[in-house]
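One line per chain: the protein sequences are U and Z, in this order. Under my numbering, the first residue of the first sequence carries the number 1, and numbering increases by one thereafter. Under my numbering, the first residue of the second sequence carries the number 1, and numbering increases by one thereafter.
No wet-lab data here; the hints were simulated from the structure. Check the hints yourself; a few may be wrong.
Just the calculated beta-carbon pair ranges, DEER-fashion [claimed, not checked]:
no. : chain 1 : residue 1 : chain 2 : residue 2 : range
1   : U       : Glu215    : Z       : Gly155    : 40 to 48 Å
2   : Z       : Arg34     : U       : Asn222    : 49 to 57 Å
3   : U       : Gln192    : Z       : Asp62     : 51 to 59 Å
4   : U       : Glu42     : Z       : Glu71     : 41 to 49 Å
5   : Z       : Gly155    : U       : Asp77     : 45 to 53 Å
6   : U       : Thr124    : Z       : Thr87     : 21 to 29 Å
Glycine is no exception: its CB is placed at the ideal position from the N, C-alpha and C atoms.
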Amino acid sequence: MEKRFDEKTKSALFEYVLRLADDNIIIGHRLSEWCGHAPMLEEDIALANIALDCIGQASALYSLAAKIDGAEKNEDDFVYFRNENQYKNLLLVEQPNTDFAYTVARQFFYDAFTIYFYDELSKTGLDPLAAILTKAVKEITYHLRHCKVWMLRLGDGTLESNQKLQSAVNDLWRFTGEMFFKDETDKFLFQQKLIPDSQQVKNKWNKLIEETFREAKIKVPNTLPNTAKGGRIGFHTEHLGHLLAEMQIVARSFPGAKW
Amino acid sequence: MNIENSVRKIFAQLKQVKDPEIPVLNVVEMGIVREVNFVDDKVEISITPTYSGCPAMKAIEDEIKKTLQAEGYSNIIINKIYSPPWTTEWITEEAKKKLKEYGIAPPEGIAEDDFLKDAIAKPVECPYCNSRQTQLTSQFGSTACKSLWVCQSCGQPFEHFKYI
Numbered sequence: 001m002e003k004r005f006d007e008k009t010k011s012a013l014f015e016y017v018l019r020l021a022d023d024n025i026i027i028g029h030r031l032s033e034w035c036g037h038a039p040m041l042e043e044d045i046a047l048a049n050i051a052l053d054c055i056g057q058a059s060a061l062y063s064l065a066a067k068i069d070g071a072e073k074n075e076d077d078f079v080y081f082r083n084e085n086q087y088k089n090l091l092l093v094e095q096p097n098t099d100f101a102y103t104v105a106r107q108f109f110y111d112a113f114t115i116y117f118y119d120e121l122s123k124t125g126l127d128p129l130a131a132i133l134t135k136a137v138k139e140i141t142y143h144l145r146h147c148k149v150w151m152l153r154l155g156d157g158t159l160e161s162n163q164k165l166q167s168a169v170n171d172l173w174r175f176t177g178e179m180f181f182k183d184e185t186d187k188f189l190f191q192q193k194l195i196p197d198s199q200q201v202k203n204k205w206n207k208l209i210e211e212t213f214r215e216a217k218i219k220v221p222n223t224l225p226n227t228a229k230g231g232r233i234g235f236h237t238e239h240l241g242h243l244l245a246e247m248q249i250v251a252r253s254f255p256g257a258k259w
Numbered sequence: 001m002n003i004e005n006s007v008r009k010i011f012a013q014l015k016q017v018k019d020p021e022i023p024v025l026n027v028v029e030m031g032i033v034r035e036v037n038f039v040d041d042k043v044e045i046s047i048t049p050t051y052s053g054c055p056a057m058k059a060i061e062d063e064i065k066k067t068l069q070a071e072g073y074s075n076i077i078i079n080k081i082y083s084p085p086w087t088t089e090w091i092t093e094e095a096k097k098k099l100k101e102y103g104i105a106p107p108e109g110i111a112e113d114d115f116l117k118d119a120i121a122k123p124v125e126c127p128y129c130n131s132r133q134t135q136l137t138s139q140f141g142s143t144a145c146k147s148l149w150v151c152q153s154c155g156q157p158f159e160h161f162k163y164i
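Isolated chain U, as found in the complex (with noise of 0.2 Å):
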């Protein structure tokens, strides 16, 4: 994957790897702060083994995105030693856990974003990206098998059940716009048809999102999807600093420490 592509492409490739890298260990980190925490046993065991997998993806996206940048840096220069500017992520998996229904909320958008958009992007016959997303669909598949579970229990639960999972959509809602937005980099690497068209992937995320509100009695907000936007750019909410400062904290004070 590194030879074959020009200065310019090389750089762009970076950078989107690098974005894909930093939502799962981001998103990771958060499911992994449940662990001892969950509202029950299977659940804590649940959301540790999917936080496992987030972690376990990104690791293999660093990797690549080493290899790509050419540098001597491995994923750890990555995850413990870039500021908060530095991450790419998207806002949406930076958002505290809050409650047990808001972190199966945030979940579930994310499940039903990476199941389709790593699928039409292992098509694009990138290797070794496409091998990793491969990979990671089947695993996500059981994610999001999962939430979708916890969405219609919760939603179509009790009252109260159903009014948290309500208030965690409409405060999150806002963030989704973002997983489909393009900018410069995605616009080049598609020129370049490297990466898919990001529309398809949004039409049937919709279709998923619609039908689960549908079953789960859940409405759909009336707040406009992309009002907040900026990860990618490094411009995150308040709540990023908070988790890279608990991340980093033992790697930074003891640089290079082993155990």
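Since chain U is already given, all that's left is putting chain Z on it; use the hints.
Leaving out everything else, chain Z in the frame of chain U:
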């Protein structure tokens, strides 16, 4: 000794390496070891992760190196490959039997289409009493590759190795 024999010998030696999470299975019958090659004076072992985040992979890599070093190989390279992605279809029939004896319901194939449609998984067979009157408790078990079930016929909770 020709190359083919050497490769076969290494595969046989790697059968000593167990999956740390499921100690009845070895990494060869799990389908984790994909290829063995000799390049100059090096032995290259290509392995594929079961799940992207499987924490056992590092332990498996270390164990493969240790085992082959004990067999006299000094220059061992381990490559991680992602394509084609690991599938439970690579688990041998014999290994599936061992899983069942160990109390883990082995993976059963599911047509891709059904996969997302039915949010509630189809009942798997209880490894203790073979009943299909079983219920899913959680999609995720002690490891990412397993789900939690309970048998309504014999009352036994059990783990199921998920199809992937």
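Results of checking the hints against the structure:
1. U:Glu215 to Z:Gly155: 40 to 48 Å: Between U:Glu215 and Z:Gly155, where Cβ atoms are some 32 Å apart, the hint is violated.
2. Z:Arg34 to U:Asn222: 49 to 57 Å: At roughly 52 Å between Cβ atoms, U:Asn222 and Z:Arg34 fall inside 49 to 57 Å, so the hint holds.
3. U:Gln192 to Z:Asp62: 51 to 59 Å: At 41 Å between Cβs, range violated.
4. U:Glu42 to Z:Glu71: 41 to 49 Å: Once the Cβ atoms are compared, 42 Å apart, the range 41 to 49 Å for Z:Glu71 and U:Glu42 holds.
5. Z:Gly155 to U:Asp77: 45 to 53 Å: For Z:Gly155 and U:Asp77 the Cβ distance comes to about 51 Å; the hint holds.
6. U:Thr124 to Z:Thr87: 21 to 29 Å: Holds, since U:Thr124 and Z:Thr87 (Cβ atoms, about 22 Å apart) stay within the stated range.
The structure is inconsistent with the numbered hints 1 and 3, although it conforms to all the rest.
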